[in-house]
Amino acid sequence: MAVAVRDLDYARGRAGFLSGEGSASRNFLYSAIAWLTIADFVGLIAATQMISPDFLAGIPFLTFGRLRQMHTNGVLFMWLSMAQLGSFFYIVPRLTGTKLYSEILGNITMILWNMVGIAGYLTLANGMTQAREYAELIWPLDVMVMVALLLAGYNIFRTIFLRKEKKLFVSLWYIMGTMIWMPMLYFVGNVMWQPLLPSAETNIAGFPSGGLTGIIDVTWNWFYGHNVLGYWFTTSGTAITYYIIPVIIRSPLYSHLLSLIGFWSIAFFYGLVGQHHILSTPTPGWLKTLAVIGSLGLFIPVFTFLTNIWLTMRGNWGKIYESLPLKFMIVGTVFYFITCIQGPLQAIQGFNRLIHFTNWIVGHAHLALLGTFSFWAMGAIYYIIPVTLRRRIYSPGLAEIQFWLVTAGFLLMMLSLQIGGLIQGAMWLNGDSQYKVLPELKPYLVIRAVSGAMIVMSGILQAWNIYKTVTASQPMTAAAPAPAEAPN
Amino acid sequence: MDHNGGAVFRMDGRTVFFGAFIVFASIIFIVVALPYLTFQPPRSADARPLSPEEEAGRRLYAANGCVYCHSQYLRPQDWTGVQSFRTVGRVAQAGDYYYQQTLLLGTERTGPDLSQEGGAHDDEWHLAHFYNPRYTSPKSIMPQFSFYYDGYRPTDDVKNLIAYVQSLGGQAGVERAERQRALKIKLQTERARGNEAIIHEWFPSTWRNVRNPMEPTTRSLVHGKQVFTTNCIGCHGLNGDGKGPANTFIANPAPRNFTDASQQLYFSDGELYDAILFGVDGTAMPAWGDVLTVNDIWDVTNFIRTIPNGGLQVDQLDASMMVSPADVVPIRSTPLPIEPRPGYVPVVTPEGGLGETGGATGANASPQPSEDEAPGANSTVGPQPQRTAAPGGGSNATVGPSGTAQP
Chain A
14 MAVAVRDLDY ARGRAGFLSG EGSASRNFLY SAIAWLTIAD FVGLIAATQM
64 ISPDFLAGIP FLTFGRLRQM HTNGVLFMWL SMAQLGSFFY IVPRLTGTKL
114 YSEILGNITM ILWNMVGIAG YLTLANGMTQ AREYAELIWP LDVMVMVALL
164 LAGYNIFRTI FLRKEKKLFV SLWYIMGTMI WMPMLYFVGN VMWQPLLPSA
214 ETNIAGFPSG GLTGIIDVTW NWFYGHNVLG YWFTTSGTAI TYYIIPVIIR
264 SPLYSHLLSL IGFWSIAFFY GLVGQHHILS TPTPGWLKTL AVIGSLGLFI
314 PVFTFLTNIW LTMRGNWGKI YESLPLKFMI VGTVFYFITC IQGPLQAIQG
364 FNRLIHFTNW IVGHAHLALL GTFSFWAMGA IYYIIPVTLR RRIYSPGLAE
414 IQFWLVTAGF LLMMLSLQIG GLIQGAMWLN GDSQYKVLPE LKPYLVIRAV
464 SGAMIVMSGI LQAWNIYKTV TASQPMTAAA PAPAEAPN
Chain B
5 MDHNGGAVFR MDGRTVFFGA FIVFASIIFI VVALPYLTFQ PPRSADARPL
55 SPEEEAGRRL YAANGCVYCH SQYLRPQDWT GVQSFRTVGR VAQAGDYYYQ
105 QTLLLGTERT GPDLSQEGGA HDDEWHLAHF YNPRYTSPKS IMPQFSFYYD
155 GYRPTDDVKN LIAYVQSLGG QAGVERAERQ RALKIKLQTE RARGNEAIIH
205 EWFPSTWRNV RNPMEPTTRS LVHGKQVFTT NCIGCHGLNG DGKGPANTFI
255 ANPAPRNFTD ASQQLYFSDG ELYDAILFGV DGTAMPAWGD VLTVNDIWDV
305 TNFIRTIPNG GLQVDQLDAS MMVSPADVVP IRSTPLPIEP RPGYVPVVTP
355 EGGLGETGGA TGANASPQPS EDEAPGANST VGPQPQRTAA PGGGSNATVG
405 PSGTAQP
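Chains A and B, in that order, are what the protein sequence lines are.
All you need for the numbering used here is the position in the first sequence, starting with 1, plus 13.
All you need for the numbering used here is the position in the second sequence, starting with 1, plus 4.
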C-alpha cells in the first residue's frame, strides 16, 4: 500500500476554512496548539504555587486544586485529544484513498470540542467538578464530549466504509478500535446514566454527578482513569506513529504479524490494569491481581510495537537529522519505551509500596503524556500542517529550539519529580510525616517549575511557528522536495 | 506493506470493528460489572452519613480539588499517615465509605492523609489554618482559603468545610472532635470561674515533677530558638507574646504568652513537654510529636524560659537568661494544690459528651478570659506565690529555675 503518494493531490484541495479539504484536520490541530499553550501555562502557575504557596493566593479560581484540574483536563482532553483527532482526520483519508466523509461535520465536531474546553475551564475554575480524577467535567459537558466523540467516530467510520483502498493498514485498526473504545469507556467510566436514575439525589458538583455510592466508585473511576490513557491516548498515538514514521522514511512497516499481536494484546490487556492505581485500597483482591497481571501483559503490545517501529527504521536512522517530525516521533518512541518499563513495574506491589502517593507518579504521568504522546502529537503537527498547506515551516530553526526546549524541559521535569518521589516514599517508609517530608521536596519542586517554564516556552514557540507558517511562510514550489521531506 | 504473516489473520473491517467491540465489552464485564455485582461491603462501625453542613463542606472540598493533595485512606504501611497523636492510625475498610457518593480517596499525598482527621485539630486551629495554612504550619504549601472569609470573619462556607473535616474518620472522628469541644468548654468554664489551675489536670501527673533533662547550654538554647522560630511563631508570635497572625482566629483559649515569666513557671518542664508532644486538648495547640524530635522538644522547652528575658531579641543566648524565681510575678488566679494526684482522664460517654464535666454546660455565655488577661474577679482571690512559683513544689524535685541552675 502506497501511503505516501497521495499527499500532493490532497494538498491541492480547496482551502475553505470550514469546508475545504483538510480543514477539519487543520482546525483541530490549530485548536490543539492553542490549548497546549493555555494548559501548560496553567500548569506552570500551579507548579509555582507548589514552591511559593502564597503566589496569587486568595483568588478562588487560581487555587491550586482548581488549577490542577484545569491543567490535566486541558492537556488531556483539549491539547492531546484534539491533536489526535486532527491527525485522524488527516490520516484516515490518506489511508483509505478517499476524502473525509464530511469536512463540515468534522468542523462542527471541532467547534463542539472547543466549546467543551471553554465551558470546562469556566466550570472547573468556578469549582464545578465531579472530583473524580480525569472525569472531572460535569455531566452536561460529559454529554457534549460524548456527542463530539460519536460525531467524530461517525465521520471516521463513514470514511473508512467508503474507502477505495480495500486493505486496512495497521493505523486504521487502531483508529477504528479507538473510536469504538473511547465512547464506551467514557460512557461507562463517567457513569453517565447515573444522573438519570431516581436514586441520584445527591451530587457533588452542584450539577448531576456520575459518582457511585460506596467504595465501588473508586474501582470504576480508575477503570476509566487509566484506560483513557490506554484506549484513547496510547492507541491514538500508536496509530499516528505507525502512519507517520513509515511515510517519512518511505519504507514499509517491518512486520504485519507484530502489528497484529500488538493490536489484539493491547485490546485485551489494557482494560484490566486500572486497579493498579488503587492497590492499597480495600477493594477486591482478585481485581488487583488481574490489574498486576494485565500490567505485566502490557509488555507484549509495547515491545511488539517498538520492535516493529525500530526495525522499520533500519537503515534510515540518519533521517532523524533531516526530518523534524521524524525526530519528534522517534524521540517519543524512546520515551514510550521508558514509560512502558516503568508502568508495569509500578504495578508490582513491592515497588508500588514505595512510590504510591508520591511525585514519582506525577513524573510518570508526564513521561507518558508529555514525553510520549505530546512528542508524537508535535511530530504529527509538524508533518501534517505543512503538507496539507503546501507551505514550508516558517522557521525550522525555531522548531529545532522548540524540540530541545521541550526535550530538556521534560527530562528535567521527569527526573526531578521522580527523584523527589523516591525521597518522599523512602521517608514515609522510614516513618517521617508529610510535614517533615515537604521541605525535602522543595529543591525538586523548584527544578520542576523551571522545567515547566521551558515547556511553556516551547509551546509558545510552536504556536508562533505554526501561526507564521499558516500566514507568512513560503509556499512549496513544484520543485520542492517530495511531501515526505517537506516539513523540514 | 506486509513483511510477513499477511495471511495469518485477516484484518478486514468487520473483524476489527466487531473484534474490538467484543473484546472491550468482555473487559467491561470482567473488571467493571462483575465487581459491581459481587462486591457490596456492609457498612463498617465507623461509617456514618453526613449532616447537611458536612455535606456542604464536602462539596467545597471537592470543588477546590483538595482531593489532589490529601488522600482519604490509610494503607497498611501508613502508621505515619496520621498527623496527630489524638487520632488513630486505622487502615481503611471497605465499609467506611458505605454512605459516600463519589469517593474522594485521592491518588497523591502532598499534604497529610485526612481519613482520620476528625478531632485531630481544634476548630479554631482550622479557622486559622484555612485562612492561611502558614499561620499554623509554617512549612505547609497548602493554598490559602481566605476567600471563604469576610474580612477575618469566617463565612458559612469555611464553617461547613471545617464541619466536614471534623467528620472525617466517621463516627470515631466525630467523637474525637466532640471530645475536644467538650474539653474546650470545660476549660473555658473553669477559667471563667477563676480556676486557672484547671489546666494542670490536662497533663498526666507523672509529668508534673519532671525536670528538663537537657542542660540549658548555649547549644540547647540556640537550637531551641531555631525550633521555636521555624514552628511556633505563627501562633505564639515573633516576640513570644502569643500574638502571632493566627491569634486573630484563636482567641479562646488564646495562644500562651511566653513573655510573662509567671505564666512560664506556672508550667513545669514536663508539662510543657507533654503539651508540645501531644498538644493541649480543647485548645488550638496541636501535637508536634510527628514533627519534632525529643531533643527538639526539650531544647525548645529550655529556650521558652529565656523569652521573658529577651531570648527572641538577642543573638547570644546563655543559661543566665532562663527565668528565675526573682522574675516571677505570681499569676492572678487560683493556685493549684500541689499534692500529686491522678491525672485528669476525661471519659467520653456514648453521646459524645464528657462524663466528668461538672457544670460544663451553660457556661458559654459568660465572658471568656484569654490567657494573658486574667479575669478581674480573679484578683480578689489573692496570689499565693509560694505555691504558684513551683508547681512541682510539693515534692523534693523542685521544678522551675531553681532546679535548672547551672552546674
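Just so you know, the hints here were simulated from the structure itself, not pulled from any lab data.
Please note: incorrect hints may appear among the correct ones.
[Stated by the list, open to error] Listed next, with one range per pair, are the computed distances between beta-carbon atoms:
#1 B:Phe25 x A:Gly328: 34 to 40 angstroms
#2 A:Thr320 x B:Asn299: 37 to 43 angstroms
#3 B:Leu281 x A:Pro452: 17 to 23 angstroms
#4 A:Lys455 x B:Asn299: 21 to 27 angstroms
#5 B:Gln44 x A:Gly328: 54 to 60 angstroms
#6 A:Asp445 x B:Asn243: 29 to 35 angstroms
#7 B:Arg157 x A:Asn443: 38 to 44 angstroms
#8 B:Phe25 x A:Phe68: 46 to 52 angstroms
#9 B:Arg18 x A:Ala485: 43 to 49 angstroms
#10 B:Thr42 x A:Gly363: 23 to 29 angstroms
Note that the structure is predicted; figures quoted are calculated from it, not measured.
Note that beta-carbon positions come from the ideal geometry of N, C-alpha and C, so glycine has one too.
Whether the CB-CB distance between B:Phe25 and A:Gly328 falls inside 34 to 40 angstroms: holds, 39 angstroms
Supplied distance hint 38 to 44 angstroms, evaluated on CB atoms of B:Arg157 and A:Asn443: Given range 38 to 44 angstroms: holds, Cβ gap about 42 angstroms.
Hint check for A:Gly328 and B:Gln44 - Cβ pair distance inside 54 to 60 angstroms: holds, 59 angstroms
Satisfaction of the hinted span 29 to 35 angstroms by the C-beta atoms belonging to A:Asp445 and B:Asn243: holds, 31 angstroms
Assuming the hint says 46 to 52 angstroms, is it satisfied by the Cβ distance from B:Phe25 to A:Phe68 or not? Since B:Phe25 and A:Phe68 have Cβ atoms about 48 angstroms apart, the given range 46 to 52 angstroms holds.
Is the hinted range of 17 to 23 angstroms satisfied by the C-beta distance from B:Leu281 to A:Pro452? The hinted range 17 to 23 angstroms holds for B:Leu281 and A:Pro452, with Cβ atoms some 21 angstroms apart.
Should the hint that B:Thr42 and A:Gly363 are 23 to 29 angstroms apart at their CB atoms be regarded as holding? holds, 28 angstroms
Range hint 43 to 49 angstroms (beta carbons of B:Arg18 and A:Ala485) holds or violated: holds, 47 angstroms
Range hint 21 to 27 angstroms (beta carbons of A:Lys455 and B:Asn299) holds or violated: holds, 23 angstroms
May I ask you to test the hint 37 to 43 angstroms on the CB atoms belonging to A:Thr320 and B:Asn299? violated, 57 angstroms
In summary, the one numbered hint that this structure violates is 2.
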